[in-house]
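Just need the whole structure built from these sequences, with the hints factored in.
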Amino acid sequence: MESQRTPNIRAVSARINSFHSSIYFSQTVGAVYAKQGLEPGVEGNMAARSAPLGRVNPGVVSAAYYNYSPNFVAEMLPRLWDTVTPEQMVRARFDAVSAFMAELFGDRDDIALLTEAATQLSEALAPVLAAMDFAGRTLSAATADVIGAHEPSTAFEALWDVATVAREFRGDGHVASLVTAGVPGIDALMLDVATGAGFRPRAAQKTRGYTDEEWQTAPSSPRRGLSPWRPTIAALTCPSSPRRDVSSRSRSSSSPTAP
10 MESQRTPNIR AVSARINSFH SSIYFSQTVG AVYAKQGLEP GVEGNMAARS APLGRVNPGV
70 VSAAYYNYSP NFVAEMLPRL WDTVTPEQMV RARFDAVSAF MAELFGDRDD IALLTEAATQ
130 LSEALAPVLA AMDFAGRTLS AATADVIGAH EPSTAFEALW DVATVAREFR GDGHVASLVT
190 AGVPGIDALM LDVATGAGFR PRAAQKTRGY TDEEWQTAPS SPRRGLSPWR PTIAALTCPS
250 SPRRDVSSRS RSSSSPTAP
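Using the numbering used here, you'd call the opening residue of the sequence shown number 10 and step up by one each time.
Rather than coming from a laboratory, the hints here were simulated on the basis of the structure.
Backbone N, C-alpha and C define an ideal beta-carbon position, used for all residues, glycine too.
Please note that the accuracy of each hint is not assured.
Label-pair distances were calculated between CB atoms; the ranges are [what the hints assert, rightly or not]: (1) Met-141 with Asp-91: 30 to 40 Å; (2) Asn-80 with Pro-210: 14 to 24 Å; (3) Ala-121 with Ala-190: 26 to 36 Å; (4) Phe-114 with Asn-80: 37 to 47 Å; (5) Gly-115 with Asn-17: 29 to 39 Å; (6) Asp-116 with Gly-191: 31 to 41 Å; (7) Arg-117 with Arg-209: 43 to 53 Å; (8) Ser-186 with Gln-36: 28 to 38 Å; (9) Gln-225 with Thr-124: 21 to 31 Å; (10) Glu-160 with Asp-221: 38 to 48 Å; (11) Val-21 with Ala-185: 17 to 27 Å; (12) Gly-68 with Glu-112: 14 to 24 Å; (13) Glu-48 with Gly-68: 22 to 32 Å.
Structure below.
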């Protein structure tokens, strides 16, 4: 049983992360953010995800996100908070999730069965969240605070809340591991792209705000190869666990590069 613990955790994490991350690609969610004066996509997603941190300096968000261009965040974040407040975006994200869940499940014939399944999964994950220690995990701690004050109206919204805290908690852990291993954010992003399981190179560069020069001169740039981080990749890979089959992973991966 112990030998299956890590693969099981990864499998469950990937699936609940997909449930969380689906909102980043939803036109319905983007339309809700547009009502706040934000462009769907990068603007709306950055404002919504960083809103639990409050109106902090861009450097705080760059540190928490880790693989976004600091220059990009420094340019965009003040402009976002001139358009909408973090408090408004916290509410807007919950409204967006509610609308998206209604779109996904509102007219399903098997809604009763799905509701029961969502409720059971949320209840099963509750002890996991209760045992989480958020020390040193800035983004997940802030996210857990605002979600703790939220009253979801459906089982699917409740499951999204649980999945979001779990996702950010795991993501903060990924960031800590990358920092310990000495892998800069842009290189972590490129390594994830190289697996073929995350974003395509151009999409990763664009959504994280890197210039062509930054992208092409990074140590892990495709032009320079992955050799600088081969020892690190080996060190970060658990030798007792089989390599994941990345063919079935969502583009909204559970790695710290998403979103």
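Hints, one by one, checked against the model:
The hinted window of 30 to 40 Å between Met-141 and Asp-91 holds, with their beta carbons roughly 34 Å apart. Under the hint 14 to 24 Å, the C-beta atoms of Asn-80 and Pro-210, about 19 Å apart, fit the expected range. Distance hint check: the CB atoms of Ala-121 and Ala-190 are about 47 Å apart, inconsistent with the given range 26 to 36 Å. The hint said 37 to 47 Å for the Cβ distance between Phe-114 and Asn-80, and at roughly 40 Å that hint holds.
Look at Gly-115 against Asn-17: about 32 Å separates their beta carbons, and that is inside 29 to 39 Å. For the pair Asp-116 and Gly-191, the beta carbons lie near 50 Å from each other, so the given range of 31 to 41 Å is not met. Range check, Arg-117 to Arg-209: Cβ separation about 32 Å, and the 43 to 53 Å hint is violated. Remark: the range hint 28 to 38 Å for Ser-186 to Gln-36 is upheld by a beta-carbon distance near 34 Å.
Remark: the range hint 21 to 31 Å for Gln-225 to Thr-124 is contradicted by a beta-carbon distance near 49 Å. Between Glu-160 and Asp-221 the CB atoms are about 46 Å apart, so this pair conforms to the stated range of 38 to 48 Å. At roughly 20 Å, the beta-carbon separation of Val-21 and Ala-185 lies within the given 17 to 27 Å, and the hint holds. Hint check: Gly-68 to Glu-112, Cβ distance near 36 Å, so the stated range 14 to 24 Å is violated.
For the pair Glu-48 and Gly-68, the beta carbons lie near 23 Å from each other, so the given range of 22 to 32 Å is met.
Figure legend: structure checked against the earlier numbered hints; hints not met, in rising order: 3, 6, 7, 9, 12.
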